[in-house]
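S.K.: Taken in order, these protein sequences are the chains called A and B. Residues in the first sequence are numbered consecutively from 1, following UniProt numbering. Residues in the second sequence are numbered consecutively from 1, following UniProt numbering.
To be clear, the hints were calculated from the coordinates, so they are not data collected in a lab. Every residue gets a Cβ at the ideal spot worked out from N, C-alpha and C, and that includes glycine. There could be a bad hint or two in this list.
To be verified - To give an idea of the interface, some chain A residues facing chain B are shown, with a C-beta separation under 8 Å as derived from the structure: (1) Pro167; (2) Asp169; (3) Ile170; (4) Glu172; (5) Ala173; (6) Arg175; (7) Met176; (8) Asp177; (9) Gly178; (10) Ala179; (11) Lys183; (12) Val188; (13) Pro191; (14) Met192.
Stated by the list, open to error - With a Cα cut of at most 25 Å, we get these calculated DMTMM-like pairs of lysine to aspartate or glutamate: (15) B:Lys74 - A:Asp169; (16) A:Lys168 - B:Glu159; (17) A:Lys183 - B:Glu109; (18) A:Lys168 - B:Asp54; (19) A:Lys183 - B:Glu151; (20) A:Lys164 - B:Glu159; (21) A:Lys183 - B:Asp128; (22) B:Lys20 - A:Glu103; (23) B:Lys153 - A:Asp169; (24) A:Lys164 - B:Asp54; (25) A:Lys168 - B:Glu10; (26) A:Lys168 - B:Asp69; (27) A:Lys164 - B:Glu53; (28) A:Lys168 - B:Glu53.
Said to hold, decoys possible - So these bits of chain B aren't anywhere near chain A, every CB distance computed over 12 Å: (29) Arg169; (30) Thr199; (31) Tyr222; (32) Gly329.
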Amino acid sequence: MARRITTTRRITVTAAGWLVGFLIFFPILWMVLTSFKTELDAFSTPPQFLFFHWTTENYAIVQTRSDYVHHAMNSIILALGSTLVCLVVGIPAAWSMAFAPTERTRQTLLWMLSTKMMPAVGVLIPIYLLFRDTGLLDTHVGLIFIEFMANLPIVIWMLYTYFKEIPKDILEAARMDGATIGKELVFVLAPMAVPGIASTVLLNIILAWNEAFWTLNLTTVSAAPLTAFIASYSSPEGLFWAKLSAASTLAIAPILVLGWFSQKQLVRGLTFGAVK
Amino acid sequence: MGKIELVGVEKTFGHVGVIKGVDLQVEDGEFVVFVGPSGCGKSTLLRLIAGLEDTTGGRILIDGVDVSDTPPAKRGLSMVFQSYALYPHMSVRSNIGFGLRMAGVPKEERNRKVEAAAAVLNLTAYLDRRPGQLSGGQRQRVAIGRAIVREPKAFLFDEPLSNLDAALRVNMRLEIARLQNSLGTTAIYVTHDQIEAMTLADKIVVLNAGKIEQVGSPLELYDHPANLFVAGFIGSPKMNLVSGAAARKHGAATIGVRPEHVSTSPTIGEWEGVVSVAEHVGSDTFLYVTVPDIGDITVRAVGELALKPGAKVFLTPDISRIHRFDRDGNAVRN
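Here chain B stands alone, though its shape is the one from the complex (with noise of 0.2 Å):
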């Protein structure tokens, strides 16, 4: 079992508030992803889960039991660095084995607990080599191996793929969501990266400021963002933002459109602009127009567009995916 229940939990550095009240459960093997912008505390919020730092209030319950007071060791939780944090000194075998030994698992069992671990991750042949000697795949596959041996409660990932070259990331993170689906343990998942945030979990917490900004499934955070934070940081490219005379006439003080719910026109439409830079990457176009009274709009189109720098042309939201935010920033609901 794993669920993970904060309430109210706080945290702060000296004067410096980092996490200010946040309430979240997490159900037993669910796979939850913070997200958020550099500085947002989703890096602290996971350590307070873990018992790395101590919450200045609220209360971090593992299962029912407060383990605000705990230390570490006894929550029960197995953690993936961002630096790997492997022990230099100790072969892969002992790096994977060494939470087993800490327990006081007999050698035979860790050997075999250890050798079971390495043979999903890939890694048996690699069991008597330093972690000096591999490479940063490997390492981090090291790393999995020791948080997955121990059986815990809970893994936490603390932005564990940031290391890796694009091409590495994307297989790993595949090899995540694989084992964390065969294992079905929770899984608390740090990440600045909104698609690898969208691609793993089953739900997304959208940290800013040390606050939960929104909660809520990958597609209803993108279909149905609370706020304007959360619909400028979720999707990829970014939500068109809108304000002024364009929006009051939706009814609203912003309003936001998707790259891909914006269609083009030569001829009509009910903005006009002028490309500026059009990317063709194949499958899609991306073009960034610039229209007068309004700013830039980005689009997004399938297939190919041919349309230059330079070109007229008529944009038109689709009025039934256009999102309508408030004056306070909040999101209007039809």
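Here chain A stands alone, though its shape is the one from the complex (with noise of 0.2 Å):
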């Protein structure tokens, strides 16, 4: 039964769903104005709103002392090269299990969900052994392979999802029309996949951005990327709120601009008027 809607319900409504979604960003906006205070402000208590001394001298510190720039070059690096190589093994990989399904392949892809389920630092020790053996430390190669390992089994199982949507008609149209695996892979797939891949692209990136737990522990200097560049913030000399709060301000930037640009990437479906 259709229930009415009466102003008062709508107002209610609104105003629950505005307090939500405020006490859900309030901790990144808390962060936002912790990053402008000075280190005392952002230690008062009552801690203060708005009305404090509101100051960019934490930006201009923490890029000084341990350079935003490199750390930043270091995320963007990780990000793309894992994603990269997700995409390069994951896009064959979903393929063959979405449109050359074996009596196997539902293991397979639960197998790979699986290795998802055992927490990283078990094998922390072997890990960090095989690196340090094998010189992989602190270099960006050692992390982009991680972090590609790490993640290729949401890929997969994302792309997997989204090609099983696409129908084998139309992949059987290009075959019989002359294109190799490649060629169907490249003209037909691939854009009709474009919504799919585009999420499961920014997905990635945003998991190999924050990603903590192997950058923190397999780099140093070199390579490593702006969690590394945070976490430098909570030392043994102290925490330091308004920095530490301007650090990390400057590392959710721009994946944040990243995502607020590709939403429409996103949500677009291409695959509309293919079939019936």
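With the hints in hand, could you dock these two chains into one complex?
M.R.: In structure tokens, the structure reads:
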């Protein structure tokens, strides 16, 4: 039965919605606000919400003290590099499982997912030793490799789900039209799966960007990304809330901008009109 | 040239035999229709010829060359799918020209051929649209355009009209017949619609449970069905099949008589029954008559026949048009 929507109900629901949204957003807002405070204001009780001495000195200090650009570059290299490798391996893998499944495809998919169930710390020591002995510690290659391995199951799962949506007939039509498997992937499957591939790419970039466990444990200086940059502000010399906040704000800004601009790409469907 | 030969072709999925040893010859330029109930393996057989499925046994030859292990792209056939299967992200022009592009045909020649095909199919005005902006009939024409532009050895049609509405289906059927006639290219066409089969085919292949029941011209199948399955499958309304005493009288285990070969009379005849339904479609009248000890008999009478449900009627099968079948369901030839 349809219920009548009264003005009161509408106002209540809207207010509740905004409240929940605000609560979720609050930690980020607080972080951004804190980044503009002096270290003293950042500590003060009761906390000051808006009326404090606004300053940008934290940002200046953070850049001079620990070279934001260097870490940001490392984050970009890591995120893009691991995503690229994930796609190169993941697209053919997902293609074969979606369009040429065998009896073992289901188990393979579940097995891949199961690798995500083990806590990463469980293999920290072997991985660390392997990295040490092969000289991969604190290198881009090593980090890209470990992020690629960590995210590949999710990438394959996502691509597999998107590929399953694409009618098999269309790929068969391409095959009848004389396309080799490579051309079929490039000219037919990939363009049709653009929204799916785009969201997979975005998610993978975000995951790699935010991943802290391996990046903190396997890097020191030269390959250290922004996660290490943030962590360096909770140091033995004490916590520097304002500088930590400034560092964190700087670290999340690029990924936030990327997410904002790729919204459209993520939701647009391309397959309409293909069949029926 | 487009001569296709199947020799003992078999296909199993897991342990299920879908195609159980099919031998068939399709001559160059012939229009062959595979017809049969759903699940009979007709689409699978077409896909085997296309190369989209691998055979489990037997050989497929195109122009005398064994292509059993050749990928679909290299068999030189083109296919029209039931779902059209157009590339949604490409314009009609690119859709039709995709095969030529894959074959490395230069752009100018490609455009010329695409435009020629579009002209034949009345698609010229839509060349720059995407499939999503076309109607069902137009999409199907694009799919056909994609098939003809490559000048294949043979066309394979997999129930191409079943997504269209009735009126459009008749038009497209004519268009396909006309096109195949003018191009003279071999065509293999899969359908479950026996009207399509009868109207389009030079040769019909009736399939049932993965085996060929009969191969022949439409009228051959209609006039001389090889067995009960073909007799019951070809023709609409269905052939009346009668067994028991009434059949023994004609020296067969089962006799079949088509609805148009049964005459009616108010006074005298071989079988006496009561009209249960009378359908008046103008040109014909279809009577469904319940005859005691025999069952329901369908009668097709030309023109109007003023018989109402409940009326008593005498039926007489035309002796010269009776089909006799033995105990195994095979036709008894005189």
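S.K.: Please go over all the hints and tell whether each is borne out by the structure.
M.R.: We went through each hint and held it up to the structure:
Look at Pro167 (chain A): its Cβ gets to within about 6 Å of chain B, closer than 8 Å, so that hint holds up. The restraint placing Asp169 (chain A) at the interface with chain B holds, with a minimum CB-CB distance near 4 Å, inside the 8 Å limit. The beta carbon of Ile170 (chain A) is positioned within 8 Å of a beta carbon in chain B (closest approach about 5 Å), and the interface hint is therefore held. Interface hint at Glu172 (chain A): satisfied, since its Cβ lies 5 Å from the closest Cβ of chain B, which is below the 8 Å cut-off.
The interface hint given for Ala173 (chain A) is met, as the beta carbon of that residue sits about 4 Å from the closest beta carbon of chain B, less than 8 Å. The interface hint given for Arg175 (chain A) holds, since its Cβ lies 5 Å from the closest Cβ of chain B, which is under the 8 Å cut-off. Taking 8 Å as the C-beta cut-off, the interface hint given for Met176 (chain A) holds, the closest approach to chain B being about 5 Å. Because the beta carbon of Asp177 (chain A) sits about 4 Å from the nearest beta carbon in chain B, less than 8 Å, this interface hint is met.
Look at Gly178 (chain A): its Cβ gets to within about 4 Å of chain B, closer than 8 Å, so that hint holds up. Annotation: interface hint on Ala179 (chain A) holds; nearest CB of chain B at approximately 5 Å, less than 8 Å. About 6 Å separates the beta-carbon of Lys183 (chain A) from the nearest beta-carbon of chain B, less than 8 Å, and the hint is met. Checking Val188 (chain A) against chain B: minimum C-beta separation of about 6 Å stays under 8 Å; hint holds.
Residue-level restraint check for Pro191 (chain A) holds (minimum Cβ-Cβ distance to chain B is 4 Å; threshold 8 Å). The interface hint given for Met192 (chain A) holds, since its Cβ lies 6 Å from the closest Cβ of chain B, which is under the 8 Å cut-off. For a cut-off of 25 Å, the pair hint linking Lys74 (chain B) to Asp169 (chain A) stands: about 18 Å separates their Cα positions. A distance of roughly 16 Å separates the Cα atoms of Lys168 (chain A) and Glu159 (chain B); the hinted pair therefore holds under the 25 Å criterion.
At roughly 21 Å between alpha-carbon atoms, Lys183 (chain A) and Glu109 (chain B) fall within 25 Å of each other, so this suggested pair holds. Pair hint Lys168 (chain A) plus Asp54 (chain B) holds up; C-alpha atoms about 16 Å apart against a cutoff of 25 Å. Among the hinted pairs, Lys183 (chain A) with Glu151 (chain B) is consistent with the structure: their alpha-carbon atoms are about 21 Å apart, no more than 25 Å. In summary, the hint linking Lys164 (chain A) to Glu159 (chain B) is supported, as the alpha carbons are separated by about 23 Å, within the 25 Å threshold.
The hinted pair formed by Lys183 (chain A) and Asp128 (chain B) meets the criterion: a straight-line CA distance of about 23 Å does not exceed 25 Å. Note on Lys20 (chain B) and Glu103 (chain A): the hinted pairing holds, with a Cα-Cα distance of about 23 Å set against a maximum of 25 Å. A distance of roughly 21 Å separates the Cα atoms of Lys153 (chain B) and Asp169 (chain A); the hinted pair therefore holds under the 25 Å criterion. The suggested pairing of Lys164 (chain A) with Asp54 (chain B) holds, with an alpha-carbon distance near 22 Å, which does not exceed 25 Å.
Using a Cα cut-off of 25 Å, the hinted pair Lys168 (chain A) and Glu10 (chain B) holds, with the two alpha carbons roughly 23 Å apart. A hinted pair counts as satisfied when its Cα atoms are at most 25 Å apart, and Lys168 (chain A) with Asp69 (chain B) qualifies at roughly 21 Å. The hinted pair formed by Lys164 (chain A) and Glu53 (chain B) meets the criterion: a straight-line CA distance of about 19 Å does not exceed 25 Å. Straight-line distance between C-alpha atoms of Lys168 (chain A) and Glu53 (chain B) comes to about 13 Å, which keeps the hinted pair within the 25 Å bound.
Distance check on Arg169 (chain B): its Cβ is at least 15 Å (rounded) from any Cβ of chain A, clearing the 12 Å threshold; non-interface status holds. With a least CB separation of 25 Å from chain A, Thr199 (chain B) remains clear of the 12 Å interface cut-off, as annotated. Against chain A, the non-interface label of Tyr222 (chain B) holds: every CB pair exceeds 12 Å, the least being about 33 Å. The claim that Gly329 (chain B) is not at the interface with chain A holds, since no C-beta of that chain comes within 12 Å of its own (minimum 37 Å).
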